[in-house]
Amino acid sequence: MAANPSYGPRPWTFYVLATLFALFVVFLYGPMIAVLILSFQGPSASLVFPLRDPSLMWFDELFNPRRVGDVVGAFSRSLPLALMVMVLTVLISVSAGFAFRRRFLGSSLIFYTAIASLIVPGLVLSIGTLVTFRYLGLSASWYTSALGAHLSWALPFGLLIMFAVLGRLNPSYEEAAYDLGASRWQTLKDVVVPIVFPGMIAVALFGFTLSYDEFPRSWLTVGTKNTLPLEIWTMTTNVTSPALYALGTVTTVVSFVVIALALGSIVIIQRRRSTRE
Amino acid sequence: MASYFQVAPLALVLLMFFVVPVALVTAVSFFRYQMLVGIVPDFTLKNYIDLLSNPTTWSLYLSTVKFTLIVLIITFALGFWIAYFLVFHVRNLVTAIGLFLLCTIPFWTSNIIRMISWRPVLGKEGLINSALISAGVIHQPLNWLLYSDFSVVVAYVHLFTLFMIVPIFNSMARIDKSMLEAAIDAGAGRWGVVWNVVLPLCKTGIALGALFVITLVMGDFFVVNVMSGGLSGSATSGIFNDLQFLNYPRAAANAVILLVIVLLIAASIFRLVDVRKELVR
Amino acid sequence: MSFTLNPKSAPKLDAQASGEIRLVNVTKRFDVTHAVKDINLTIPHGSYCCLLGPSGCGKTTILRMIAGHETPTSGQIYIGDQMVVGKAPVERGTAMMFQNYALFPHLTILDNVAFYLKMRGVGKDQRRKRAHQMLERVQLDHLRNRMPAQLSGGQQQRVALARALITNPRVLLLDEPLSALDEFLRLQMRGELKTLQAELGITFVHVTHTQPEAIALADTVVVMDHGRIDQAGTANEIFNWPTTPYVARFMGGQNVLTGTVESASGAMARLRGPRGELFDAPLSPAPTIGTPVSIAIRRDRIHVGRVPGEKAELQPNSVAGVVESTEFQGNFVKVNILVEGGGPFVANVSDEEYFGELVKPGDRVVPRWNPEHVHVLSKADSNNAQKPYSEE
Chain H
1 MAANPSYGPR PWTFYVLATL FALFVVFLYG PMIAVLILSF QGPSASLVFP LRDPSLMWFD
61 ELFNPRRVGD VVGAFSRSLP LALMVMVLTV LISVSAGFAF RRRFLGSSLI FYTAIASLIV
121 PGLVLSIGTL VTFRYLGLSA SWYTSALGAH LSWALPFGLL IMFAVLGRLN PSYEEAAYDL
181 GASRWQTLKD VVVPIVFPGM IAVALFGFTL SYDEFPRSWL TVGTKNTLPL EIWTMTTNVT
241 SPALYALGTV TTVVSFVVIA LALGSIVIIQ RRRSTRE
Chain L
278 MASYFQVAPL ALVLLMFFVV PVALVTAVSF FRYQMLVGIV PDFTLKNYID LLSNPTTWSL
338 YLSTVKFTLI VLIITFALGF WIAYFLVFHV RNLVTAIGLF LLCTIPFWTS NIIRMISWRP
398 VLGKEGLINS ALISAGVIHQ PLNWLLYSDF SVVVAYVHLF TLFMIVPIFN SMARIDKSML
458 EAAIDAGAGR WGVVWNVVLP LCKTGIALGA LFVITLVMGD FFVVNVMSGG LSGSATSGIF
518 NDLQFLNYPR AAANAVILLV IVLLIAASIF RLVDVRKELV R
Chain X
559 MSFTLNPKSA PKLDAQASGE IRLVNVTKRF DVTHAVKDIN LTIPHGSYCC LLGPSGCGKT
619 TILRMIAGHE TPTSGQIYIG DQMVVGKAPV ERGTAMMFQN YALFPHLTIL DNVAFYLKMR
679 GVGKDQRRKR AHQMLERVQL DHLRNRMPAQ LSGGQQQRVA LARALITNPR VLLLDEPLSA
739 LDEFLRLQMR GELKTLQAEL GITFVHVTHT QPEAIALADT VVVMDHGRID QAGTANEIFN
799 WPTTPYVARF MGGQNVLTGT VESASGAMAR LRGPRGELFD APLSPAPTIG TPVSIAIRRD
859 RIHVGRVPGE KAELQPNSVA GVVESTEFQG NFVKVNILVE GGGPFVANVS DEEYFGELVK
919 PGDRVVPRWN PEHVHVLSKA DSNNAQKPYS EE
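Residue numbers (my numbering), protein chains in the order written: chain H, 1 to 277; chain L, 278 to 558; chain X, 559 to 950.
By construction, these hints were calculated from the structure, which means they are not laboratory data.
Owing to the predicted nature of the structure, the values given are computational and were not obtained by experimental measurement.
Glycine residues also receive a C-beta, built at the ideal position from the N, C-alpha and C atoms.
Heads up, some of the hints might be wrong.
Cut-off 30 Å, straight-line C-alpha distance, at most; resulting in silico cross-link-like pairs (DSSO-like, lysine-lysine) [to be verified]: (1) X/682 - L/454; (2) L/323 - L/401; (3) X/676 - L/480; (4) X/918 - L/454; (5) L/454 - X/892.
Label-pair distances were calculated between CB atoms; the ranges are [said to hold, decoys possible]: (6) L/416 - H/27: 20 to 30 Å; (7) L/279 - H/172: 36 to 46 Å; (8) H/267 - X/629: 29 to 39 Å; (9) H/27 - L/342: 16 to 26 Å; (10) H/240 - L/330: 38 to 48 Å; (11) H/170 - X/882: 46 to 56 Å.
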């Protein structure tokens with residue numbers, strides 16, 4: 001029986017579902033792998049299979065702004081923006097998460113506003129943010145209006161993660177620390193933060209990638225210079241060479257590196273903790 | 278009290294970059310647009326009347342709703358069974374988490390790239406057509422694989438199934454295994470356990486997943502645009518067009534209509550399910 | 559709670575409906591470890607059986623194998639004349655009461671109780687009516703539209719009971735049913751379970767780690783240790799005539815002493831303990847000199863006396879020790895004595911005797927007993943078997 005927790009032979013439903021799962025993973029990763037392979041396309045500049053004369057020429061093209069678009073420039077804006085969003089998301093979400101451990105006046109209002117900010121279509125918000133800036137007499141740019149727009153998307157996610165993490169934090173740990181003479185600051189530093197740290201890394205990961213990949217909310221708010229997703233967007237209509245695939249591969253690699261760093265640091269922390277004991 | 282200071286930054290950002298923008302969009306939706314002059318502050322319902330009486334608006338919204346429903350059903354079916362597999366069939370916890378992470382990793386890469394990467398797969402000379410032709414199943418490439426409703430749905434499912442898997446997985450993992458045994462003990466078959474115990478206890482997760490998928494699909498314009506090759510429209514493509522012509526007031530009105538619909542759907546889901554309890558543990 | 563049952567609905571006693579349970583060479587292995595090994599047990603129809611032992615001894619595994627929620631690695635299980643291994647739980651005529659009750663949180667208690675009938679395709683009105691009747695019997699029908707979370711622990715348990723009994727089982731399986739209740743409620747429910755079983759006349763198999771509970775309820779007590787049955791018998795047998803040192807210690811009513819045979823005369827043998835003490839044990843025929851033998855003496859058959867003088871000679875059938883602590887238990891006082899050279903020794907002294915001649919922690923004492931009350935154990939104690947709750 002599917003729900004029988006005893007060990008033993010697997011029911012037929014296991015094989016059906018396992019096949020479904022495998023197909024789903026292929027479905028998820030297949031196209032990405034196709035793009036990865038095609039980014040090594042040779043001078044035939046063919047956008048489809050088969051791969052002829054593999055070469056790195058299209059990666060080279062990425063650094064040529066006239067033919068392909070301002071990739072390097074866009075990257076030099078997307079990366080710092082994502083880092084800023086990451087840092088701010090961690091600081092603001094963690095702080096707010098702690099606030100929500102107690103009931104306070106307006107907590108429901110802020111909670112539902114945050115959820116609404118998650119739900120509202122990005123396009124609507126980018127229009128609104130642009131208009132706001134216009135009326136304030138400020139011009140939109142990637143490090144002001146886009147930053148704010150990205151935060152409106154990343155902060156609710158960060159908040160939800162902090163809810164999950166802090167919700168599982170048993171208050172008796174802090175009470176025990178207090179009982180043993182720890183001050184509030186010490187309790188925070190030596191008990192709460194270490195327990196909550198992997199969650200904070202998750203928040204940082206969300207903050208970075210949500211900003212780095214964000215499209216709708218960047219659209220009108222970046223001002224004159226594009227972030228990377230926007231640059232890719234213009235390239236989808238203009239560029240008809242595998243340079244687009246090369247770019248796809250590069251951005252994917254950057255994303256993977258970031259994920260690996262985040263997950264790796266969690267694993268390292270856990271391991272260091274257990275060996276210390 | 279400390280809580281107020283701690284929540285202040287969040288409240289501030291939400292105010293500046295959510296509340297005010299939405300309020301301003303609503304305000305602008307009542308302004309007038311004059312050719313060659315631009316936006317004129319006013320209070321008129323002309324934009325709304327224009328939009329609601331225009332059959333194009335309705336057909337665009339209908340098209341969006343159509344996609345939303347199809348995608349919702351497919352992502353629910355996929356999301357539910359994949360979460361079920363991970364929670365109840367995978368015995369090793371570490372393996373289950375590993376497989377779960379495997380599903381989430383693509384989420385961290387660029388949406389646009391993931392979307393475009395379907396082109397060499399679904400295209401006339403793409404992988405699928407080539408494979409089918411060389412296997413002798415068909416003789417002409419299928420041209421409805423790409424730049425069609427089919428490819429739009431495929432892209433949506435590809436991008437958004439994860440948003441179903443995560444909340445459902447979360448709800449399912451919380452189900453006490455003894456509940457399932459009690460159902461078996463009382464004579465429930467395999468399907469009976471799913472229908473009578475698992476499904477009801479996952480309601481909140483399903484509702485949350487549905488909420489995410491609905492708002493993402495309804496608020497999207499670039500997936501539809503790229504994957505249908507410009508053939509299909511969505512509610513947001515209407516807004517997009519108005520923006521191209523700098524007709525901010527009408528774009529704003531359209532945006533408000535979209536916003537109201539989305540918020541109504543969200544509110545009705547919140548009615549059915551106590552989301553706050555599920556999220557804030 | 560009074561559980562009134564129409565005598566006409568009591569199960570008929572034919573072989574098909576018989577609630578006799580037989581386990582034949584049942585073994586359960588999880589990967590490399592054995593949860594239970596070569597279990598052979600017969601539980602008579604209509605009896606109350608308690609599986610007793612510490613956590614990890616395998617009692618719950620046996621219960622779950624009878625229920626069908628675990629499958630034995632080898633061996634057969636018969637309920638009545640049916641071999642049930644491989645059959646679904648509902649086909650066995652068993653019903654299980656889970657330790658955490660496992661009430662469906664999304665259903666009212668009425669629908670919880672009606673669940674079995676729903677699975678059998680009984681129509682909504684019909685099944686709700688029957689569930690209502692069942693709830694009346696456990697006196698919870700006034701709460702039938704409440705959700706489980708709104709009920710107290712004791713009430714939830716009655717719902718779980720009603721949900722199990724509506725299936726008209728021939729065997730009721732209870733997984734530590736009283737562990738989650740507070741002391742007062744636990745004793746009350748204990749009495750009600752016993753009455754219930756007598757009225758229904760079906761077999762009850764009750765898993766517990768609490769000795770007083772087992773001997774209060776069971777017709778058959780099965781004491782388990784590390785996946786094996788150490789002793790199965792009536793409560794009286796287990797308590798007064800434990801066969802092994804493990805059972806003697808686990809039941810808590812006995813002191814275990816070990817010595818080697820020194821001499822024998824008539825029906826008694828004289829043993830010499832490790833520190834030179836002398837014990838008499840009824841052993842006939844007399845075993846060979848030098849054989850190690852373990853004996854058990856009931857704690858309430860010990861007389862505790864102060865040491866008469868500094869260097870008095872130790873009499874046979876007594877030990878020397880120091881009082882470690884005393885615990886007042888109402889009718890008697892539990893005196894914990896540290897015997898010279900190690901080893902715990904407990905005397906349950908009646909309050910009259912205790913307050914007649916008080917002993918305090920630190921006092922040197924000589925507990926003594928009548929050799930007629932000594933019971934010989936089937937195997938000699940090894941040092942490893944000191945603690946019933948050891949993690950080996």
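C-beta pair residue 416 of chain L, residue 27 of chain H: status relative to the range 20 to 30 Å that was hinted | Since the Cβ atoms of residue 416 of chain L and residue 27 of chain H sit about 26 Å apart, the hinted range of 20 to 30 Å holds.
Residue 267 of chain H and residue 629 of chain X, beta-carbon distance inside 29 to 39 Å?
-> Because 37 Å falls inside the window, the suggested range holds.
Are the Cα positions of residue 676 of chain X and residue 480 of chain L separated by 30 Å at most?
-> holds (21 Å)
Could you see if the CB distance from residue 27 of chain H to residue 342 of chain L stays within 16 to 26 Å?
-> holds (25 Å)
Pair hint outcome, residue 682 of chain X versus residue 454 of chain L [Cα-Cα no greater than 30 Å] = Roughly 27 Å separates the two Cα atoms, so the pair holds.
Whether the CB-CB distance between residue 279 of chain L and residue 172 of chain H falls inside 36 to 46 Å = violated (20 Å)
Would you say the C-beta atoms of residue 240 of chain H and residue 330 of chain L sit inside 38 to 48 Å of each other?
-> holds (40 Å)
Pair hint outcome, residue 454 of chain L versus residue 892 of chain X [Cα-Cα no greater than 30 Å] | violated (42 Å)
Going straight from one Cα to the other, do residue 323 of chain L and residue 401 of chain L come out at no more than 30 Å?
-> It is violated: about 45 Å lies between the C-alpha atoms, which goes past 30 Å.
Determine whether the Cβ-Cβ distance between residue 170 of chain H and residue 882 of chain X falls within the hinted range of 46 to 56 Å.
-> Given range 46 to 56 Å: violated, Cβ gap about 36 Å.
Proposed proximity, residue 454 of chain L with residue 918 of chain X (alpha carbon, max 30 Å) = Judged against 30 Å, a Cα distance of about 51 Å means the pair is violated.
Hint check: violations occur at hints 2, 4, 5, 7, 11; the rest are consistent with the structure.
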